[in-house]
Amino acid sequence: MQKLIAGAAFAATLSLTLVPATATAPVASAQLPTASVAQPQAVPMPVQAPVTASATTAAVPIHVDNHSHDEVPNVAPGQARADFNAWLARAPENREAVRAFRAHLRANGVDDVVPVWQLVRTSSSWRDCAAGRFEVAPRDKWDNIVKTLAFIKTDVIPAVGPVQAVSGYRNEDLNRCSNGAPASAHRNFFALDLVPVSADVSRGELIREVCAAHARDGRSYATGLGFYSGVRFHIDSSGFRRWGPNGSGATSPCVTYS
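Quick note on this note's numbering: the sequence shown kicks off at 1 and runs consecutively.
Please keep in mind that the hints were generated in silico from the structure rather than gathered at the bench. Remember, it's a predicted structure, so these values are computed and weren't measured experimentally. The C-beta atom is built at its ideal place from N, Cα and C for all residues, glycine as well. Keep in mind that a hint or two might mislead.
Said to hold, decoys possible - With beta-carbon atoms standing in for the labels, derived distance ranges:
hint: 1; residue 1: 153; residue 2: 173; range: 28 to 36 Å
hint: 2; residue 1: 99; residue 2: 212; range: 33 to 41 Å
hint: 3; residue 1: 82; residue 2: 200; range: 21 to 29 Å
Work the whole structure out from these sequences, hints included.
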């Protein structure tokens with residue numbers, strides 16, 4: 001009997017010594033979820049990314065030209081890319097006009113010839129004439145520039161490399177101030193004044209290569225060709241012709257330059 005009592009007492013003592021270990025285990029396991037719960041608090045941080053992306057959506061049309069041409073000489077002050085960006089951001093109608101104009105060029109396969117933002121440069125004399133530095137031509141004149149860009153794409157760029165447009169459409173007031181003819185090719189958006197992007201293209205090379213392209217294919221594109229000082233030149237599609245300092249074909253650098 002005493003042995004039975006002693007055995008029972010030993011069993012009770014053993015069970016009591018095991019309780020603290022059993023009780024301690026749940027406490028430790030209960031702490032694990034607490035650590036896990038604290039980590040997800042950092043998860044909401046990436047939610048800010050869509051806000052930044054949507055905030056910059058308005059700037060997307062400025063840079064979709066897929067061109068990285070650097071600025072070159074002969075560009076008038078106030079008509080650089082940063083100035084265009086500011087003009088574009090200034091008014092929703094500017095952005096919408098550029099989008100629509102780009103879509104028209106894309107539909108005609110000429111949106112990749114010259115960066116679209118350069119095609120809305122007005123004139124190097126915009127400041128002297130108190131005119132806008134950028135302007136999208138009226139819609140009824142958009143078709144006029146398509147053939148001009150086609151000639152630049154097929155004949156000019158293969159000859160002298162990428163070109164930058166420094167003057168395009170001129171409205172009536174700007175055209176008058178610039179001493180343009182009433183039916184000026186710029187006034188009706190047939191014309192672009194251009195410069196080669198590469199500084200390695202000399203005036204002699206420019207004249208030789210572009211005159212050869214004009215003689216070969218200019219008639220098919222109704223191309224007009226003129227040269228200014230340096231490496232600035234004029235291309236339009238309002239009639240096959242070429243001219244020099246006095247406006248006649250006989251003084252064209254295509255004839256006189258050797």
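Among the hints numbered above, which are violated by the structure, and what are their numbers in rising order?
The structure conflicts with no hint, since it agrees with every one listed earlier.
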